Each structure stands twice: as structure tokens, then as C-alpha cells.
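J.: Those sequence lines, one after another, are chains A and F. First residue of the first sequence: 123, per our numbering; consecutive thereafter. First residue of the second sequence: 1044, per our numbering; consecutive thereafter.
One should not assume that every hint holds.
Unchecked claim - A few chain F residues that face chain A, going by a derived Cβ cut-off under 7 Å, partial list only: (1) A1106; (2) S1176; (3) S1218; (4) K1219; (5) Y1220; (6) M1222; (7) Y1229; (8) Q1232; (9) A1233; (10) P1235; (11) G1238; (12) I1323.
As the list claims (entries may be wrong) - Each computed BS3-like pair below joins lysine-lysine, with the alpha-carbon atoms no more than 27 Å apart: (13) K335/A with K321/A; (14) K253/A with K293/A; (15) K248/A with K293/A; (16) K1197/F with K248/A; (17) K1217/F with K1243/F; (18) K248/A with K1243/F; (19) K1243/F with K293/A; (20) K293/A with K335/A; (21) K1243/F with K253/A; (22) K253/A with K1196/F; (23) K293/A with K321/A; (24) K253/A with K321/A; (25) K242/A with K253/A; (26) K242/A with K1217/F; (27) K242/A with K1196/F.
Said to hold, decoys possible - To give an idea of the chain A side of the interface with chain F (calculated C-beta under 7 Å), a few residues: (28) P194; (29) H195; (30) A198; (31) A199; (32) L200; (33) G201; (34) R204; (35) W212; (36) M215; (37) E219; (38) T223; (39) Y226; (40) S227.
Hints in this document: simulated from the structure, not taken from any laboratory. If you're wondering where the values come from, they're calculated on a predicted model, not measured in any experiment. In this text, a Cβ means the ideal position worked out from N, Cα and C, and glycines have one as well.
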Amino acid sequence: MALLRVDNMTHFFGGLRAVHNYNLVLEPGHIVGLIGPNGAGKTTVFNLITGIHTPTSGNIELSGHNLIGRRPHETAALGLGRTFQNLLLWRHMNVLEHVKTACYSQLEYGLFGAFFGTPKRHREEKRITAKALHLLETFEVSEFRDRLVTNLPYGVQRRVEMARAMATNPKVLFLDEPTAGMTPDELNRMIAIIRDIHKQFEVAILLIEHRLKFVMELCERIQTLVFGEIIAEGAPEEIRNNPQVIEAYLGREDVT
Amino acid sequence: MQLFLQNIVNAMQWGSFYALIALGYSMVYSILMLFNFAHGDIFMVGSYIGFGVATALLGLTAAFNLPLPGWIILVMTIILAMFLTSFVGMFIERVGYRPLRDAPRASAAITGLMIGIILETGNLALLGAERLSFPALIDTVTFQVGGIYLTNKKILIVVVSLALMSALHLFIQKSKYGMAMRAMSYDFQAVPLMGISINKIAPLTFAIGSGLAAAAGILYSLAYPVLDPYMGVLLGWKAFVAAILGGRGSILGAALAGFLLGFIEIFSVWIFPSTFRDVIAYSVILLILAFRPHGFFGQAHSTQLRL
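The shape of chain A in the complex, shown without the other chains (with noise of 0.2 Å):
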């Protein structure tokens, strides 16, 4: 059965129509791209299924829920995280208290707990900081811990917001462009750090890339979305060689 199931999803905002008939069926553990230029729809996509936005018609479930009409706090208890295009970090905050805030969930004390400091609350944050700290390590910036997120590499940034969503425990982590703004050789580390976390986590990954190399390199299979509609599926190989994705998105662009 599949992980995350999306069936003819559709959305107009106003007039416009971002989406429509949007199909997806990620199996758990498989790693999907999502691309298409610039405005295609894909960034909504996510908004629609993590429930930032409700979808105007279609059906969406997730291991069985249905995911219709849930705020996107609910979604993530169900096991969906997310990174975004444009770094939603919080500037001021450091690295280890992003991640221990995203455990918000996982950290069972109560207002009582929180307002006298109760043991309870010691033992849930001693336990929550050692996670926080195993996925600072997964995702290579231990050394920051304590440093503000706004001092920091945009590619560290990058890898916080990743450690940030894991920490939620998600089924299915939606990636929005995770190597936007990035060098060379942050990239490679990026590949190295996905494949890691999708071996140690078992997560499914949703991943929406405009560098072919990233994608074609880890994904099992590629959506192509262009003006909010899937023209093609596919395997890498498939997809690259695909004439309508060639005329479509990627012009008279070399496909590496």
C-alpha cells in the first residue's frame, strides 16, 4: 500500500489554476522529483498537501488518513515534514534549539511542567537534547550548536533545515529546492547527506530540484509538472530523453 497517495488534486487560486489533476503515489522509502519551470505549481504542491493550502477538489491520504481539511500542525503529527524554498529558520534562534523546538510534540510535559520545572520536564529534555544532538551529527553541523542561525553558510543553513524537519519524525520529507544557492561541493555533500538519511530513517522523500544532476543522481522516479499539470512520469533515463520535457522545461538546456 502507499505511503502518501494524492488523487486528482486540484486548486485554483481565484481564477487561476495552479494545480490540476495532480497524481502522486510515493511507496515508503522511494524517493520521488518533482520539476518543472519556474511557476508550474510545484512549491503549491507542497503547500496542498502539508495543508498550508486546502486543495479546491482531489483526495489526499497519507498511511491511510485522510489529509483533507487538516492544518498543517496536524499534518506533521501525522508524518509529514518539510523544508522550504526560501529558509523559514528562526534568525535569532540557535541550531540546537531549532531542532529541539521542532521535538515540540515529542516533549511530554505540560504547562505545569513547563512553569515549575518539574523533573519530568528534566528527564523529557535531557532525552529530546541527546535526539536533537544524534541529528545535528547526521546532518553535520554539531559544530554550530550554539551559534545563531542567521551567522551561518547558507549551506549550513540548508542542512539545519533539513535536521529541523527529521526531527519531527516524518514518514515523508518534502524537500523544496534543497540545494538552491549552494556550491559544488556543498551539493555533493547534500547527495551524501539524503542518501544517509533516507538509509538511517527510512523516510520517503518528496524533493523539488531545478539541478538535474541532484535529481537524476537520487531519484527513483520524476514527475515533470508544467503549468500545474503532469506531462510526464518516469524514470530518470525516461525523463531525460523524454521530447516533450525537453521542449517544455529544459529547452535547448543541456541535460547532464
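Add chain F to chain A, keeping to what the hints say.
T.: Quick look at chain F alone, frame taken from chain A:
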């Protein structure tokens, strides 16, 4: 010199009131990007709730002949009034601000003004125009230390205020709710995707701010035991000035600016006739703002766009 130290003591007392109230403005601003202009009136409501709780507790003590000393009743009054007033804050958030979360900021601002007027006139309609006098729960004990006159009440006011502020600081820096609040001060989009419900954190912020205002109200009533429905107006505006002076959304700034305000006011009375107090004090603050328009700890991020 003695007079100077005496003034410091008085400034600390007034600063405590301003700081406790200013924190409420600042907390709400930092996460919702709006000033809750009804906050001064929540201070007033908190004082009245404190009055009600204290009267009820005194009545109970008398009726059942309980051997409760005044200071226990005072502590219970502060705790209970803070608790009850926090619900007033949550209610205001729910009916007044939540429906307007995506509305233009100006609408949210007049909401605060309207709620303030409703609280003032509602109180007037309910309890009448007569001023109430807050029961004297503890006797004033005056003692002299090196020529400075201290009263047990002044010490209590400053100590309780500082304790509450430290507790708030720890709560915001260390607890998961505090971290969620700080995260919410940056964005509303990523925060829910961390499993945090904005509709839980926003009322919590109002609740804490209102609780602190209630504490300020009772402490204020200890020093100036006359309650009237408009008692929160001027004090609220002054605390609002402190919140801006501290830097919009900065908790530490609000507390420090609250105390600074107390100092400026008290020391202008030391030098000038007392009728000049506010003229001098607020001219000084205008001057400070001219040089530091973002306040002490104001950061550019507090003017960011919010989705």
C-alpha cells in the same frame, strides 16, 4: 545621597509596575505583530479580580474563623488572580484577535481600543462609578536602613516582580512553549509544520501577559489601594511606551525600559516640581527614541513581512 537612594527605591517600585505590564505588550507583539491596546485595561480587570478574590478569602476566613495570616491571603490572592485573569486574556484573544489574524493591522489595533473601552465601561456599568478600596491584607512595616526608609510592601513589590520576570525569562528561554513562542516571532508558516499549533501558543501568550498584568494590578493596589475603572488607562499607555522603548517584541528590553521609565519619572520629580513629572519624563524618552528609533533591543527582523 540618602535622598538619592530613597528615590532609587521608589523608582524600583514604579519600574516594577511598568515592567510587568510592558512585558504583556511585548510578548503579544513579538508573536502576533500587534499591540494589544486593551492590555492596560486587563491590568485594571486583574486588580478588580484581585479585589474580588481578596474580599472572598477574607470573608471565608472570617466566616470559618480560619487562622490565616494576611500574607498567606495575599499570596493566594496573587496566584488566584493571575490564574483567573489569564482566562480573560485568552477570551480576548479568541473573540477579539483570532478572527482578525489575517485582517489589516489597523483593524486589529482598533479591536484592542474597543475591547479596552468595553472593559472600562462594562466595569462601570456592572460595579458603578464608586471607587473601591483594596483590602489591607498586610500591615505596612517601615524600617530604616542607613537613613533610607523602606517598607515591607515596597520590598515585596520589587521582589515579586523580579521573581516573576526571572520565571518568565526561564520559561521563554528553556521550555518548549517558550521556544515555540520565539519561533512564532519569526514566521507562521514553518512553525505549524513542526507540529506546533498556533492557536494554542497565541492564547497562551495572552494568558501569560494577562497574568503578569494581574500581578502588577495587585502589587499596585498594595501601594495605592484605590480601584477605579480607568486606573489602567494612563498606566497602560506608559507601559506601552516602555514596551516600544525596550524594542518591539523584546522581553528583556521591555523589562529594562519599564524600570528606566520608573527612574526617569521619579528623578524628574526630584529635580523639578511634581506637576512637571510626565512632561519631563516623556520628553526625555522622545529624545532617546530620536537616537534609537528601534528602542534598546529592537531588531530589524521585527519589521519583517509575515505571511
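J.: The structure should be examined with respect to each hint, and the outcome stated for every one.
T.: Cross-check of the supplied hints:
| no. | hint | verdict |
| --- | --- | --- |
| 1 | A1106 | 31 Å, violated |
| 2 | S1176 | 32 Å, violated |
| 3 | S1218 | 4 Å, holds |
| 4 | K1219 | 5 Å, holds |
| 5 | Y1220 | 5 Å, holds |
| 6 | M1222 | 4 Å, holds |
| 7 | Y1229 | 4 Å, holds |
| 8 | Q1232 | 6 Å, holds |
| 9 | A1233 | 4 Å, holds |
| 10 | P1235 | 4 Å, holds |
| 11 | G1238 | 4 Å, holds |
| 12 | I1323 | 35 Å, violated |
| 13 | K335/A with K321/A | 20 Å, holds |
| 14 | K253/A with K293/A | 17 Å, holds |
| 15 | K248/A with K293/A | 24 Å, holds |
| 16 | K1197/F with K248/A | 40 Å, violated |
| 17 | K1217/F with K1243/F | 18 Å, holds |
| 18 | K248/A with K1243/F | 24 Å, holds |
| 19 | K1243/F with K293/A | 25 Å, holds |
| 20 | K293/A with K335/A | 25 Å, holds |
| 21 | K1243/F with K253/A | 25 Å, holds |
| 22 | K253/A with K1196/F | 47 Å, violated |
| 23 | K293/A with K321/A | 13 Å, holds |
| 24 | K253/A with K321/A | 17 Å, holds |
| 25 | K242/A with K253/A | 17 Å, holds |
| 26 | K242/A with K1217/F | 14 Å, holds |
| 27 | K242/A with K1196/F | 36 Å, violated |
| 28 | P194 | 4 Å, holds |
| 29 | H195 | 4 Å, holds |
| 30 | A198 | 4 Å, holds |
| 31 | A199 | 5 Å, holds |
| 32 | L200 | 10 Å, violated |
| 33 | G201 | 10 Å, violated |
| 34 | R204 | 6 Å, holds |
| 35 | W212 | 4 Å, holds |
| 36 | M215 | 6 Å, holds |
| 37 | E219 | 6 Å, holds |
| 38 | T223 | 4 Å, holds |
| 39 | Y226 | 5 Å, holds |
| 40 | S227 | 4 Å, holds |
Consistency note: the structure conflicts with the earlier hints numbered 1, 2, 12, 16, 22, 27, 32 and 33.
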